[in-house]
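J.: So the protein sequences, as listed, match chains D and W.
Numbering-wise, the working numbering puts 91 at position 65 of the first sequence, and it's gapless, one number per residue.
Numbering-wise, the working numbering puts 850 at position 101 of the second sequence, and it's gapless, one number per residue.
By construction, these hints were calculated from the structure, which means they are not laboratory data.
Quantities reported herein were computed from a predicted structural model and do not represent experimental measurements.
Using N, Cα and C, we set each Cβ at its ideal position, and we do this for glycine too.
Be careful, since some hints might not be right.
Pairwise CB distance ranges, derived in the manner of DEER restraints [as the list claims (entries may be wrong)]:
#1 D:E83 with W:S806: 31 to 39 Å
#2 D:D212 with W:D789: 18 to 26 Å
#3 D:A229 with W:G780: 29 to 37 Å
#4 W:G1026 with D:E166: 35 to 43 Å
#5 D:A229 with W:N1004: 28 to 36 Å
#6 D:Q216 with W:G1026: 26 to 34 Å
#7 D:D199 with W:A909: 54 to 62 Å
#8 D:L107 with W:G857: 37 to 45 Å
#9 W:G844 with D:E166: 36 to 44 Å
#10 D:F80 with W:T830: 28 to 36 Å
#11 D:L60 with W:N1004: 41 to 49 Å
#12 D:I129 with W:G1026: 40 to 48 Å
Stretch by stretch, here's where chain W covers chain D in the computed footprint (C-beta under 8 Å, at least three residues) [as the list claims (entries may be wrong)]:
#13 79-87
#14 90-102
This is what each chain is made of:
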Amino acid sequence: MGEHDGLTELGQALADLDEGGVEHLVRQHLDQGLSPESIIIELSAGMAEVGELFRREEYFLTELIYSGDIFKNAMTVLQPLCKTAADRKDGGVVVIGTVQGDIHDLGKNIVVTLLECAGFTVVDIGVDAPAQRFVEAAIESQAVLVGLSMLLTTAFDAARETVAAFTQANLRDKVKIMIGGSVTNDSVRQDIGADFWGKDATAAVEIAREVCQ
Amino acid sequence: MLLRWAQTIIAGAKPKSAMPIMLLPASELTGIGIVEMVTDGEKQFACIEALSRRFPSMLAVHTGMDLSVEAEAFGCRVRFTDNEVPSVENLVIAGMEDIERLTVPPVGAARTSEYVWAARLAGEAIRDRTVLAGCIGPISLAGRLMDTSALMLALMKHAAQAHALLEKCTTFLIEYAKAFKTSGVDGIIVAEPMAGLLSPDKCEAFSSRYMARMVDALQDEHFTVILHNCGRTQKLVGSMVNTGARGLHFGNAVNMNKIAPLIPADRLFFGNVDPVGVLRNGLPDDVERSVMKLLEDMRPYDNFILSSGCDLPPGTPLANIDAFFRAFDRFQKNA
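Chain D extracted, bound-state conformation (with noise of 0.2 Å):
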């Protein structure tokens, strides 16, 4: 696999599914002081070199969970330490989940951990969350973000429910809606009625910051 674009070493090496390269570089970049923030954004924009390179069919599904592996191992190294910022809790609320009738959860998983680095607390509902389930949450927390995420096509139906609910619950005001996945773009966020759409997990935690400024 040749150089990619803009990639850094890091999101080269999870890009060539090198995993003995990503722990290296992953402590690397900790020895050397930077932000777990950082290294995630790094990590994700090789994440989505994987999905491009699925895409266009170079790589195929073993190589994608492969690459899942090894983010989900640089993530245990990672994690710990962005849960000390998001103990600061000085961010604000989001609730985030896959739609219901959707059961793919990594790019959620990256969003939830980027704005954890960042300070937000996320009350995460999982896969294959009904309408309700995101109300309730959005209700009980106090979010005034909250976050729908999807892979497939089919789960734009149970997107727009998502948001119809917010509605019917009356708390359409009070409440913004973001969503995300590698089948949305912005004329999806407008059919569905949402208020962001957030391209790739680093959009995603600007939005947040933006809402709840």
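Position chain W relative to chain D; hints supplied.
T.: Just chain W, lined up with the frame of chain D:
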């Protein structure tokens, strides 16, 4: 019978043929529920026979493509209902260390004896067309004995253990298929859907290599192996051809116009009307349109056989299967 037919059709002496993969729709014909069909060889045979009578244009009939039978023989628990195909409930391999302890079961374990019995009855009673057996492929069986994601990771990180598991799966499947062969059927359809998730090099190393061993052990002038892979197989066709299987069966995840030019002229290839979107959930008009378009697209290929992209699911209306054959017959008349 299938080989003779294959030779004539490849020589261009006969028009096209049709063979949807189906057993469960026989429930509507016979009143036999899915649970009885997959647990009682005689009942399964009654269903196969009923389908052969109802659809005289059908090239071949086959025993159930029940991809839980072999896993059950290895010790998995299976859930049965009359609404769905049987499904494996638990994994017998939780970790790599379990692979070494896994025992290869004898043919006849669990429900495998019923499937062989159904094949024997069908082979003896149905003489006007090809009779096939159905079974799962090596890596797809492995993916039922252990978690799919764990198996995928094992291919990348623990190749030796993955090969050890595939050895055990292949050993059993060869003996199981030999029992079908001895029962008097004309061939076997081996469903290897998990191979469709692999890259070409992984498919070659972890699926086709083992399929080739099955083909070597089984295929001869009286017995044909058909390899079914319903994944995104366009880049895997070469590997599938290398198995030596006389027939290659494709799912609706691929465009047959892109697959057909890759198939050697001396192999049969089958495909690929959408089994769920069209045959299960569509209307008869949808089915007829899909069949006619596919047959028209495949007109240049004498070795093409019209089929469904996969096993027809429970609840597929007989009216849609009638439409499938009605369109096929109309195409033949106008050919």
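J.: Could you run down the list of hints and mark each one as holding or not?
T.: Verification of the hints:
Range check, D:E83 to W:S806: Cβ separation about 36 Å, and the 31 to 39 Å hint holds. At about 56 Å, the CB distance of D:D212 to W:D789 disagrees with the hint of 18 to 26 Å. The supplied range of 29 to 37 Å is broken by D:A229 and W:G780, whose beta-carbon atoms lie about 57 Å from each other. At roughly 40 Å, the beta-carbon separation of W:G1026 and D:E166 lies within the given 35 to 43 Å, and the hint holds.
For D:A229 and W:N1004, the Cβ-Cβ distance of about 35 Å falls inside the hinted range of 28 to 36 Å, so the restraint holds. Checked against the hint of 26 to 34 Å, the C-beta distance between D:Q216 and W:G1026 comes to roughly 27 Å, which is consistent with it. Range check, D:D199 to W:A909: about 60 Å between beta-carbon atoms, so the 54 to 62 Å window is met. Look at D:L107 against W:G857: about 57 Å separates their beta carbons, and that is not inside 37 to 45 Å.
A hinted range of 36 to 44 Å for the beta carbons of W:G844 and D:E166 is consistent with their spacing of about 38 Å. A C-beta distance of roughly 34 Å is found between D:F80 and W:T830, which places it inside the suggested range of 28 to 36 Å. The given range of 41 to 49 Å is respected by D:L60 and W:N1004, whose C-beta atoms sit roughly 46 Å from each other. Between D:I129 and W:G1026, the C-beta spacing of about 21 Å breaks the proposed range 40 to 48 Å.
For the segment 79-87 of chain D, the stated coverage by chain W holds: 4 residues have a C-beta nearer than 8 Å to a C-beta of that chain, and at least 3 were required. Counting residues of the segment 90-102 of chain D whose CB falls under 8 Å from any CB of chain W gives 3; the rule of at least 3 is met.
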